[in-house]
Amino acid sequence: MNDITTLTLTETIEAIKQKKFSEEELNKAYLKKIAIINPKINSFLKIQKNSRGIPAAIKDAILTKGIKTTAGSKILSNFVPPYNATVIDKLLEQNISVIGKTNCDEFAMGGSGENSAFRPTKNPWDLNKVTGGSSSGSAAAIAADLSVFSLGSDTGGSIRQPASLCGVVGLKPTYGRVSRYGLIPMASSLDQIGPITKSVEDAALVLDWISGADSLDANCKDAKFSFTPSRWEPKLNGLKVGIPKEYFGEGLDPKVKAVIEEAIKKLEELEAEIVEISLPHSQYALAAYYIIVPSEVSSNMGRFDGIRFGLGRENLGQEVKRRIMLGTFALSSGYYDDYYAKAAKVRTLVKQDFEKAFDPLAGGVDVIVGPVSPTTAWNLGEKIDDPLKMYLSDIYTISANLAGIPGISLPCGFSPSTSSGQARLPVGLQILGKQWDEETILRVGFAYEQATKWHLQEPELVSRVESQESRQKGNKTGF
Amino acid sequence: MNLTLDQVKHVAKLANLPLTPEEEEKYSEQLSKVLDYIEQLNSVDITNVEPTFNVTGQVNVMREDTTAGCFTQEEALSNAPKKKDGMFETKGVFEDE
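Residue numbers (the numbering used here), protein chains in the order written: chain A, 1 to 479; chain B, 1001 to 1097.
Keep in mind that a hint or two might mislead.
To be verified - The calculated label-pair distances, taken between Cβ atoms and stated as ranges, are:
1. B:M1062 x A:D385: 46 to 54 Å
2. B:P1051 x A:L392: 21 to 29 Å
3. B:E1022 x A:K235: 58 to 66 Å
4. B:E1022 x A:S226: 26 to 34 Å
5. B:K1082 x A:P280: 16 to 24 Å
6. B:M1062 x A:D89: 33 to 41 Å
7. B:F1094 x A:D359: 56 to 64 Å
8. B:E1024 x A:K389: 20 to 28 Å
9. A:S226 x B:R1063: 18 to 26 Å
10. B:T1067 x A:N128: 50 to 58 Å
11. A:Y335 x B:T1090: 26 to 34 Å
12. B:M1062 x A:R308: 45 to 53 Å
13. B:E1024 x A:S467: 37 to 45 Å
14. B:D1036 x A:E14: 53 to 61 Å
Stated by the list, open to error - Here are a few chain A residues that face chain B, going by a calculated C-beta distance under 10 Å:
15. Y290
16. G312
17. Y340
18. E382
19. I384
Unchecked claim - Covered by chain B, according to a simulated footprint, are these stretches of chain A (three or more residues, beta-carbon under 8 Å):
20. 213 to 226
21. 258 to 267
22. 325 to 337
23. 348 to 361
Hints listed in this document are in silico derivations from the structure and should not be mistaken for laboratory results. Note that the structure is predicted; figures quoted are calculated from it, not measured. For glycine and all other residues, C-beta sits at the position ideal for the given N, C-alpha and C.
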């Protein structure tokens, strides 16, 4: 390994401390790689040429003072925020700099990255495939080593699902752990900002930095996550892992299933106790979600009046309009009880399923493990005109948002390449935890990662550039 | 549930959303399909179930009653498509202005 862009965040910090390279060299290396690879994958909408700080890529739905922020929408194509999101101020305090704003589905609405009004993000593992979404550019940028880490936002899987399809680590914190101030809202009762990183340790460190109370988000709790790496052990020592039978039924691609089952075996080898559990209302979560989200969307999108900022509403894209329509209908006179009120009650049942599964007084489990996405990355264009099919790709991730619990996606293997020339594609393992218990899911993720090292795998597109670089330069920028 | 073309037009008006005739057709069809999928909520027993609107359990979050800085007029207007005399310029409400 001789390219500094392959280092994780914790390794980068250590290397700078030991003066193995300077911040300027670090930024130069990343900017150089962005110039070569970004035109192929469209992970950035805007690139900032810094020479100081440790570079982070920020989803374009998060406000950055003085740096154009579009949320992937034409309606904000000229919008330059006059203030920073709280998470950005917190990162700046840690000597992090914004290397660029990442592509995303318009206003974070979508599960493939294709709803960006500008251009679709492409998967670094196979340029004909989607990255997943909505934090498409944030995941692709980390998979291609174009930033040390990135921030995304997750309303129904928008961090975890693209992380899974791109083979990187993605953490959705507990709702209320991280301030949403300055995150352009989609569904306010579900939105949460979180890190996409090259390792589990990195995700924990970034969560430490960005979490904690904020007087500008009344739903953000005074509960800062604090990261102490030394307390994590390589073995799981009888930790109870629940496998929900509802996450392994019809619709799960057998190739993904095989990889996930292998990962569960690995957890067992690491001395976890594996038990089958049931989350009986899982099958209704998606229907409840697609009432609650559009309803909150229709209300949140009301601010785009073309008077104070942004262009006129005719500049909104198809999926955004679809959700505004659905939400406005669901909240309209005569339909509220049939739709929104009912969905809010089903949300309670989904939440109670998790509370029962985790209940320590009833012999509950410590974490719940399963797939992130029912399939690996699909072809660009494949689901774009079938909203329902697109929505179904979030089936295993949305329950965590409805219940407000934390979840992580981590690389756990690949669906094999095929004789017809289909490249191997990454599969993500999802670990869900109790509300406010990111610690345990990170600990399990860390043990798994250390035992398997899937996170060190790189897309061919990227390793090719890296080996060319080191040949040409004779390792001059090497480390 | 079938969302008719007339309903689509009505909802678009409520949402202040300019739609083309093609979009009205398309949404009538696509949203009807999504609403059909959502019908399955009717098979869940929700008797005596309280709704969940917020999961944090936070209530009455207070802050100190102090003043803090705010945007300058220039910052607040920096993204406005139309401004006049240091104010946002809007369309007239009662007549075409």
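Here's how the hints hold up against the structure:
no.	hint	verdict
1	B:M1062 x A:D385: 46 to 54 Å	49 Å, holds
2	B:P1051 x A:L392: 21 to 29 Å	25 Å, holds
3	B:E1022 x A:K235: 58 to 66 Å	60 Å, holds
4	B:E1022 x A:S226: 26 to 34 Å	54 Å, violated
5	B:K1082 x A:P280: 16 to 24 Å	54 Å, violated
6	B:M1062 x A:D89: 33 to 41 Å	22 Å, violated
7	B:F1094 x A:D359: 56 to 64 Å	60 Å, holds
8	B:E1024 x A:K389: 20 to 28 Å	22 Å, holds
9	A:S226 x B:R1063: 18 to 26 Å	24 Å, holds
10	B:T1067 x A:N128: 50 to 58 Å	56 Å, holds
11	A:Y335 x B:T1090: 26 to 34 Å	31 Å, holds
12	B:M1062 x A:R308: 45 to 53 Å	29 Å, violated
13	B:E1024 x A:S467: 37 to 45 Å	54 Å, violated
14	B:D1036 x A:E14: 53 to 61 Å	55 Å, holds
15	Y290	6 Å, holds
16	G312	8 Å, holds
17	Y340	9 Å, holds
18	E382	17 Å, violated
19	I384	12 Å, violated
20	213 to 226	holds (count 4)
21	258 to 267	violated (count 0)
22	325 to 337	holds (count 5)
23	348 to 361	holds (count 3)
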